[in-house]
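Asker: Each chain is listed here by its residues.
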Amino acid sequence: MSTTLQFYRAGDSWVHRLNPVTKLAFVAAVTIAAFGVERLWWPAALFLLLEVPGAVIAGVAGRFVRMVLGFFAPFLVILFLLQGLTYPEPGTVLLHLGPLEVKTEGLVFAGTTALRLLVMVAAFVLLLLTTHPGTLMSAMQQAGLPPKIAYVVSATLQIIPSFQARANAIMQAQQARGLEVRAGGAAARVRRLLPLMGPLLLGALTDVENRSIAMESRAFGRPVRPTAYTVVPDSAAQRAARWAMLALAVLVIVLNTLGVFS
Amino acid sequence: MTNTPAARRLPPWLPITAGSAVIAATYLYLVLWRPESLVGGAGVGPAALIALAGYLVGSALIIAGAMSRMPTSTVTLLPIAIAINIVAGQINNMVGLPLYLDSIGTVLVGLLAGPAAGAATGALSNVIWGISISPASLPFSTTQVAIGLLAGLFARWGWTRRVVTGVAAGLATGVVAAFVSGPISAFVFGGANASAGRSLIVAVFQAMGFDTLGASIGQGLTVDPVDKAISFLVAIVILRALPARFSQRFPFARAHAVFRPRAASVLARSGAEAPAPADPAPADPGPPPAGAPPGAADPDAGDGTTGGGHR
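Chains as they are written, first to last, in our numbering: chain A, 1 to 262; chain B, 263 to 573.
Be a bit skeptical, because a hint or two may be false.
Claimed, not checked - Output of the computed footprint for chain B on chain A, the stretches with three or more beta carbons under 8 Å from beta carbons of chain B:
{"hint": "1", "region": "14-23"}
{"hint": "2", "region": "116-124"}
Stated by the list, open to error - If we take Cβ atoms under 10 Å as the criterion, some of the chain A residues that face chain B in the derived model are:
{"hint": "3", "residue": "G36"}
{"hint": "4", "residue": "L49"}
{"hint": "5", "residue": "L76"}
{"hint": "6", "residue": "L128"}
{"hint": "7", "residue": "L157"}
{"hint": "8", "residue": "I160"}
{"hint": "9", "residue": "M197"}
{"hint": "10", "residue": "G198"}
{"hint": "11", "residue": "M215"}
{"hint": "12", "residue": "T230"}
{"hint": "13", "residue": "D234"}
{"hint": "14", "residue": "W243"}
{"hint": "15", "residue": "M245"}
{"hint": "16", "residue": "A247"}
{"hint": "17", "residue": "L248"}
{"hint": "18", "residue": "L258"}
I should point out that these hints are in silico values taken from the structure, not numbers from a laboratory. Glycine included, C-beta positions come from ideal geometry on N, C-alpha and C.
Kindly produce the complete structure, drawing on both the sequences and the hints.
Answerer: So this is what it looks like as structure tokens:
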């Protein structure tokens, strides 16, 4: 597999060697658990007791923290500004700031939502850091994902970097025939996008035709299930763990809908 | 054939209908019926989990149903369309415009290959964006399902034959998108947004006295129609710039004459206006389309930009 869009860090830890479907099941289960229980400390506990140790065992702790903060910090700031200052439900007012009021309920709501998002984002980052996208798709396909969907996902992840390469080539070609790249203000910059985007999109879309002919000649889309080139290792223990996490997630949804945790 | 999963032996409309029903039920429960337990106290009760689970299960069913019988020419179009979505959306987020611009590819597939393919493109687009660059966009895949579905339907009804009606279709799609995405932004994200500009709009609505759900829908209504109108416009412009041969390869675009005026304008260069878009679609299944002969009468098909077709 050529360069793909990825955060994957190669490694040989226990977390890396897990079947990707198991990790995906963990992402789903931990996200559902975070959203399902109505306690402020609960998502924080999930993050500190499950996700952070996972990142440490996998040896990706530094990158994990940086990426999680990169995704999460803007949400955190905006959530507290938004719900801290303009929480719409009635509540205990702590502070008056002109037309805006800081309410306890608003801060609690912002905190709960932020911690839940933290668990969701961190679970995904952990999956991305320890799983190669190609392996993930092979494993999903062996678990029963239709090959067409697997193709679309892995092809997209490879096309995005090739878009960038193509955009660079087009830019250089346009410069060679005298396009001014640096001069001008915002309007000129927008106008310069046209000679870049035009060839980029038209070229990509005309490639579709060649690609589909090549794929059909290799029996893509036949109803027979193809055999796998790389077999992703799996174990009975992991299979059991997946079913357990799935059952747990369903249980959380049922209990939550019945209002047990609220 | 024995290990073909059950989903592929079902007729494709069954999972699509089931998925739409799950999404509609989730929406009705959360927005229209709005049970008492959702309001008050810390957090928002079970609403966040119900919104997340219902929307994602519905989207998964729609993807499975729409992809199962998809022809290869459409399957190979999907990665390109999804890449367009993700790249444009990512550029938009970096530049900091208060728009989304992440559904141009979805509209493109909806116009070329019909509502089901458009819905699958939209859903997969946000799933891939979620598992590759920005996990926060994954829960919004249902919004994209609605956008792709509506793009396909408007194309079937002939709204995309002219630019004016195409932009109107975009505005209408934006209104629907705002209502669909409301529960996710309110219950899952607490009204916050990756974009400071869009979050400010939510804050203004909340300060005016709307609850978080109302403010999120209000934010959507101020942004989405403009955004989707731009997306429809860009998609129509791109598809018109391509050689007619390309869009005629898709049975949906051919059967419903999605791009009528272009064929007419090439032939009727002498000054006659494009015919009224109301006249019925030529149900012409044969490869030579009724309009321009592929490539031959087309002045812009000859230059270097389209050279990729014949390597």
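Asker: Next step is simple, just say for each hint if it's right about the structure.
Answerer: Verification of the supplied hints:
1. 14-23: violated (count 0)
2. 116-124: holds (count 5)
3. G36: holds (5 Å)
4. L49: violated (20 Å)
5. L76: holds (9 Å)
6. L128: holds (7 Å)
7. L157: Result: holds, 6 Å to nearest chain B Cβ.
8. I160: With a closest approach of 5 Å, the I160(A) hint holds.
9. M197: holds (9 Å)
10. G198: With a minimum Cβ separation of about 7 Å from chain B (threshold 10 Å), the hint on G198(A) holds.
11. M215: holds (6 Å)
12. T230: violated (18 Å)
13. D234: violated (16 Å)
14. W243: Interface hint status for W243(A): violated (17 Å vs cutoff 10 Å).
15. M245: Violated. Min distance 15 Å.
16. A247: violated (15 Å)
17. L248: Since the shortest Cβ distance to chain B is 14 Å, the answer is violated.
18. L258: For L258(A), the interface hint holds, since the closest Cβ of chain B sits about 9 Å away, which is under 10 Å.
Of the numbered hints stated above, those contradicted by the structure are hints 1, 4, 12, 13, 14, 15, 16 and 17, listed in ascending order.
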